[in-house]
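Position 317 of the sequence shown, counted from 1, bears residue number 317 in our numbering, the numbering being contiguous throughout.
A couple of the hints might just be wrong.
Cross-link-like lysine to any residue pairs, in silico, SDA-like; alpha carbons within 25 Å at most [what the hints assert, rightly or not]: (1) K12 <-> E357; (2) K404 <-> V414; (3) K382 <-> V419.
In short, the hints are calculated from the structure, not lab data.
Computed from a predicted structure; not experimentally measured.
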Amino acid sequence: MPKESSYGELQKLLNERIVVLDGGMGTTIREYGLDETAARGQRFQAIKKDILNNSDILSITQSEVIGDIHRKFFEAGSDIASTNTFSATTLAQSEFFVDDPRETGKGSKDQAFFQKILEDKFLNDLAWEINLKSAQICRLWADRVANETGEKKYVAGSIGPLTVSLSQSPDADDASKRVVNFDQVVAAYTHQIKALIEGGSDLLLVETIFDALNAKAASVAIKEVNEHLGFNIPLIFSAAVGMGGETMISAMKVESFINSFQHMNPLAVGLNCSLGPEPMRSFLTELSDKSNSYISIYPNAGLPNPLAPTGFDLLPDDMAKFSGEFAANGLINLVGGCCGNTPDHIAAIAKEVKKYEPRKLPKIDPCMRLSGSEAYNHTPEKNFLMVGERTNVAGSPRFAKLIKSNNLDDATKVARQQVENGANVIDVCMDEGLIDGVQMMGKFLRLLAAEPEISKVPIMIDSSKWEVIEEGLKSIQGKPIVNSISLKEGEEVFKKQARTIMSYGAAVVVMAFDEKGQASTYEDKIRICERAYQILVNDVGFNPQDIIFDPNILTIATGMDEHNNYAVDFINATKWIKENLPGAKVSGGVSNISFSFRGNNVVREAMHS
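Hey, can you work out the whole structure from these sequences and the hints?
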């Protein structure tokens, strides 16, 4: 197990030259001609299901083969090799060792089924052993080749995308249904990550991301493990993209992908697998332009071709040519190959990219960066961020009626109409006594995720109940806003909630409210906002750009003299926040100010304008 982070060491190397990754483990395994008997070894002879396609099990039954593959890639020029653990979670391994209940007529693959999988001792022990041993094998050969060559080699713990999805329903009639829940995926990844690190991984590679919510669960698991480690292990997030530049299942665009995982401070973000290097070119360019992380790419060797020796079209020289072009254009910091790439491919790539300098990290101006399936960056030249609030049961009687009657089709149409009318963000609130807020928040957000015209915009999770906010965070693939937290329950609760929000990468609305109550005067507004800002930025490590203060717009013309300055106090507090709390944003419920004139729309509209 590493005693400290290798982040600085890797960063130094990446600034000096283009770093070379390895190639396709599965492709290279096939060159050894293993059959079912060899894959089983002595240990798994009694297993009923075929396991030849379970490449990860070979770290146990054919460890010398896996070690030899790592040796070949390191000797070919790989600086970093990934462990043989692409499908080594309990959830993925169950495919090879547990009968499908649908085939035996004994049930279905649902959350109850997968909970039993997570609690199964055989599968837990097996997954731990695969990850631990795979990391140890890769570590052994990294160190051996490093001793022989004098060049340090690194081990990347491979974390694959799973065989189950948090973003896709198995039921054509119910888009909100999921076979697993977020906590189950976090548990599976946490188990894998701990073993990978204990086995000697220098960094973690969350790869072939086609479901961004699965990857978000992996990032939450990584955060939890980092807390126990006492340092942050370096990370690479690598997405598989389609022809339109979207992640395959969750349809997240490239820049949205960046926004959704930037809170993890990844060593690198990149692309892999997919349709080969040429179709990835434009998406790689966008990634390079818009991310201030290092950029990695390791494509498939073209398209599948059963007649080709490797099963893919492109030869070593072909892959070297594409890699050289990417390097010559200043697009990459790390390069390798995925499916169809052998040690010969990596040797050719390594030789070619030696000719070029690594990509220089661009200066990205700070701003609040949100995302649905598309990115929304609130840059200084933009006007107000418009939040659609018609999907709020507390503010819209019509929407509340739809939710209470379980008319979710029409409720979804309300959200769509807001996007069509120009809302940048959709506020979703389920705080009503007759509604199960946790259940309905998750279900409604999953329904919105299935609607491309709605899911393209970010979500504001609006609730006064922490458990509802957490359910919202677990249901959104992009980068949302949480509305809201405050110092009402004291600093410790505030910090805990802020850290949780940050672990999901969300922005946050902070109410001007502390242990003494709601801020009504100018002095109280700036005192509470400054205190909250210092805690968030200095104690929690929150990005200032992701902090939105609500200094409370309160009602005037109530007949009470002490209320007369409420509007002026809000305006002055807003000015003070913008001048003294760098990066922070301000929001306000403008309609609150005219509540005394409800029923007199002419006066209210004049006041709001």
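A quick look at each hint next to the structure:
no.: 1; hint: K12 <-> E357; result: holds, 14 Å
no.: 2; hint: K404 <-> V414; result: holds, 15 Å
no.: 3; hint: K382 <-> V419; result: holds, 17 Å
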